[in-house]
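Visitor: Just so you know, the sequences run in chain order A and B.
For the first sequence, the numbering used here begins at 184 and goes up steadily by one.
For the second sequence, the numbering used here begins at 184 and goes up steadily by one.
Be aware that one or more of the hints could be misleading.
A pair holds if it fits inside one copy or across any two, identical chains being indistinguishable in the list.
As the list claims (entries may be wrong) - In silico DMTMM-like pairs for lysine to aspartate or glutamate, Cα to Cα no more than 20 Å straight-line:
hint : residue 1 : residue 2
1    : K214      : E376
2    : K270      : D362
3    : K200      : E189
4    : K239      : E376
5    : K313      : E376
6    : K191      : E218
7    : K191      : E260
8    : K225      : E390
9    : K199      : D298
10   : K313      : E234
11   : K270      : D281
12   : K313      : D281
13   : K194      : D298
14   : K199      : E359
No wet-lab data here; the hints were simulated from the structure.
2 protein chains.
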Amino acid sequence: MISAAEIKFVKSLSQKKYRDSSGLFVAEGEKLVSEALASSFKVENVYRKEEIGEDKMGRISSLSSPSPVLATIHIPEDLSDGKLPGKGLFLALDSIRDPGNLGTILRIADWFGIDAVYASADTVDVFNPKVVQATMGAIFRVKFHYADIPELCKNAVSMGGRVYGTFLDGENMYGEALDCGNNAPSVIVIGNEANGISARVASLVTERLYIPPYPQDIPGSESLNAAIATAITVAEFRRRRQD
Amino acid sequence: MISAAEIKFVKSLSQKKYRDSSGLFVAEGEKLVSEALASSFKVENVYRKEEIGEDKMGRISSLSSPSPVLATIHIPEDLSDGKLPGKGLFLALDSIRDPGNLGTILRIADWFGIDAVYASADTVDVFNPKVVQATMGAIFRVKFHYADIPELCKNAVSMGGRVYGTFLDGENMYGEALDCGNNAPSVIVIGNEANGISARVASLVTERLYIPPYPQDIPGSESLNAAIATAITVAEFRRRRQD
Chain A
184 MISAAEIKFV KSLSQKKYRD SSGLFVAEGE KLVSEALASS FKVENVYRKE EIGEDKMGRI
244 SSLSSPSPVL ATIHIPEDLS DGKLPGKGLF LALDSIRDPG NLGTILRIAD WFGIDAVYAS
304 ADTVDVFNPK VVQATMGAIF RVKFHYADIP ELCKNAVSMG GRVYGTFLDG ENMYGEALDC
364 GNNAPSVIVI GNEANGISAR VASLVTERLY IPPYPQDIPG SESLNAAIAT AITVAEFRRR
424 RQD
Chain B
184 MISAAEIKFV KSLSQKKYRD SSGLFVAEGE KLVSEALASS FKVENVYRKE EIGEDKMGRI
244 SSLSSPSPVL ATIHIPEDLS DGKLPGKGLF LALDSIRDPG NLGTILRIAD WFGIDAVYAS
304 ADTVDVFNPK VVQATMGAIF RVKFHYADIP ELCKNAVSMG GRVYGTFLDG ENMYGEALDC
364 GNNAPSVIVI GNEANGISAR VASLVTERLY IPPYPQDIPG SESLNAAIAT AITVAEFRRR
424 RQD
């Protein structure tokens with residue numbers, strides 16, 4: 184059974200202020216809930232349609248077609264001090280606003296074994312239910328931290344690493360000259376969907392890259408979607424890096 | 184001025200049956216409307232907020248925050264006979280259902296100069312307003328046709344070309360063995376978001392590819408999003424092909 188107060192509480196977790204005050208977030212669907220249960224995340228409660236009924240399931244769900252199962256899960260403590268742990272391949276999200284993009288980026292990070300993802304404070308909340316669903320479970324595996332991105336860039340350089348970003352006037356990413364930074368911390372910065380990489384972060388990028396369009400001298404559209412550019416860049420780094 | 188009947192008519196174009204009966208679709212926003220006007224598409228009408236007022240703009244718009252400008256545009260006649268025009272790099276969409284994915288795939292096709300995109304009849308309608316918006320204008324530049332995908336695959340092979348698809352048991356896409364099919368028609372098949380490439384189309388794929396995860400033996404998530412896999416594959420083909 185589930186009380187009216189509990190229905191209201193679970194439903195409230197679609198809003199950040201209630202996630203913050205309770206320390207809980209929601210994941211829906213067999214796949215996500217089973218991945219949550221198998222992960223290091225602490226699951227608080229699991230609600231199943233056959234136990235609470237379709238009507239109540241519809242009321243606690245934030246999806247248009249409610250899943251057969253929904254879990255409330257504890258938001259893990261962010262133990263990062265905002266510094267890089269050492270060498271590796273990292274993503275730094277400079278104000279990603281679209282929940283679907285953030286979810287997709289975590290899925291890419293999961294596939295390509297990104298060592299950790301750092302996001303600016305104005306990036307969409309990673310425990311927003313739309314983000315959680317879009318990760319397809321990657322949220323339970325990828326290391327994710329909020330951090331000061333300019334400080335993170337400086338930290339990478341101070342450790343002998345590099346900071347990469349894509350710009351329309353950057354160097355062809357497929358050129359021989361690109362050093363993907365084996366055995367050093369490499370941070371790939373992903374800019375905001377509408378405005379790209381912010382001026383402050385752009386000034387700290389050490390390697391300005393460009394994903395060449397085809398034909399090379401006639402770019403068709405003005406830009407690629409943030410998640411698409413991330414995927415192409417990360418795939419190329421993984422193809423080249425020796426670690 | 185805009186009459187109540189015209190408001191109702193423009194609003195109705197968010198539904199496929201009214202697009203089919205009128206032969207018109209809608210694009211919103213300064214960027215899309217100016218790209219439509221600069222393209223080979225025939226624009227029927229342009230509605231501006233300063234002319235018809237914010238209230239009426241809100242009523243004809245299908246966006247949650249209405250744009251300052253909206254255009255009704257003629258759906259161009261599909262002159263393709265469902266056969267490939269010759270050598271080149273093509274995409275074949277095997278039942279893409281998500282409007283955002285289709286829009287993103289057209290944006291990728293535009294950036295990487297794909298010669299034409301073919302879609303199965305059960306792919307989401309390309310003139311759906313969510314698709315149009317997600318293309319960011321690529322819809323006005325990319326050649327797009329509905330076609331019988333199995334027939335298209337056979338057509339490619341009969342012309343000495345190849346048909347590529349990504350599968351979890353495919354060959355590493357970055358391997359030396361991959362022949363990207365320079366100077367022949369190359370068709371990259373993109374499968375459905377939930378079910379992948381259909382059995383019938385899969386049986387016609389001549390080169391089964393795999394985007395290697397990292398570490399190579401431990402895939403993190405089970406799959407990449409359809410648009411993400413498309414982007415990584417197309418970028419690699421463009422890096423390798425000589426045309």
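Visitor: Now tell me, hint by hint, if it's right for this structure.
Guide: Verification of the hints:
1. K214 x E376: Intra 29 Å, inter 15 Å, cutoff 20 Å: inter-copy only.
2. K270 x D362: For K270 and D362, only the intra-copy Cα distance (14 Å) is at most 20 Å; the inter-copy one is 35 Å.
3. K200 x E189: Answer is within; shortest intra-copy Cα gap is 17 Å, inter-copy 43 Å.
4. K239 x E376: Answer is neither: 36 Å inside a copy and 29 Å across each miss the 20 Å cutoff.
5. K313 x E376: both (17 Å within a copy, 17 Å between copies)
6. K191 x E218: neither (25 Å within a copy, 46 Å between copies)
7. K191 x E260: neither (25 Å within a copy, 52 Å between copies)
8. K225 x E390: neither (40 Å within a copy, 43 Å between copies)
9. K199 x D298: neither (26 Å within a copy, 45 Å between copies)
10. K313 x E234: neither (25 Å within a copy, 37 Å between copies)
11. K270 x D281: neither (29 Å within a copy, 38 Å between copies)
12. K313 x D281: This pair counts as both: shortest intra-copy Cα distance 9 Å, inter-copy 15 Å.
13. K194 x D298: The answer is neither: 33 Å in one copy and 47 Å across copies each exceed 20 Å.
14. K199 x E359: neither (45 Å within a copy, 48 Å between copies)
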